[in-house]
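Colleague: Sequence:
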Amino acid sequence: MADIETAKPFSVLFVCLGNTCRSTMSEGILRHLVKARGLQDKWVIDSAGIADWHKGKPPDEFTVAMLERNGMMDGYHHRARQITKEDFAKFKYILGMDNYNIRCLQEIAPLQHSAKAEIEVFEEVYAKCLRCCQRFLDSQE
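Numbering (full-length UniProt numbering), first residue to last: 1 to 141.
Do not rely on the hints blindly, as some may be mistaken.
Unchecked claim - Quick list of the computed label-pair ranges, beta carbon to beta carbon:
#1 Q134 <-> Q82: 40 to 50 Å
#2 G38 <-> Y100: 29 to 39 Å
#3 S114 <-> F62: 28 to 38 Å
#4 A36 <-> P9: 10 to 20 Å
#5 Q112 <-> D52: 36 to 46 Å
#6 R131 <-> F62: 29 to 39 Å
Please keep in mind that the hints were generated in silico from the structure rather than gathered at the bench.
Being a predicted model, the structure only gives us computed values, none of them experimental.
Cβ atoms here follow ideal geometry from the backbone N, Cα and C, with glycine treated the same way.
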């Protein structure tokens with residue numbers, strides 16, 4: 001695989017605790033928004049978890065239902081994975097879903113990395129993820 005930084009100008013990794021709810025929902029939403037704007041050739045979008053509890057499992061059924069209900073699955077397939085030190089070199093942005101995730105990211109980040117670690121009932125999570133993804137994408141144009 002080509003280096004993400006040279007292959008595509010934008011790369012983002014969403015991170016939550018287990019990589020089955022918030023981060024996968026954010027990934028699905030941003031993928032949909034990027035595709036709707038015709039920007040998929042410019043973006044690498046992925047998600048991961050702090051912990052490996054759900055490694056290899058699909059997103060939570062309620063996450064999938066929320067994305068489907070809002071027409072945002074468009075071929076989205078994901079299996080949970082744990083963040084790696086290599087991710088800090090691969091992704092320009094690493095977005096933690098809450099303060100605990102951000103603290104964990106700061107603890108495991110290699111000393112020399114270029115990633116920016118920053119985001120904070122499923123209806124509320126969806127609304128927040130959608131709003132944040134739209135604003136994030138807008139800020140990159």
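Colleague: Which earlier hints can't be squared with this structure?
Modeller: Going through the list in order, the structure violates hints 1, 5, 6 and respects the others.
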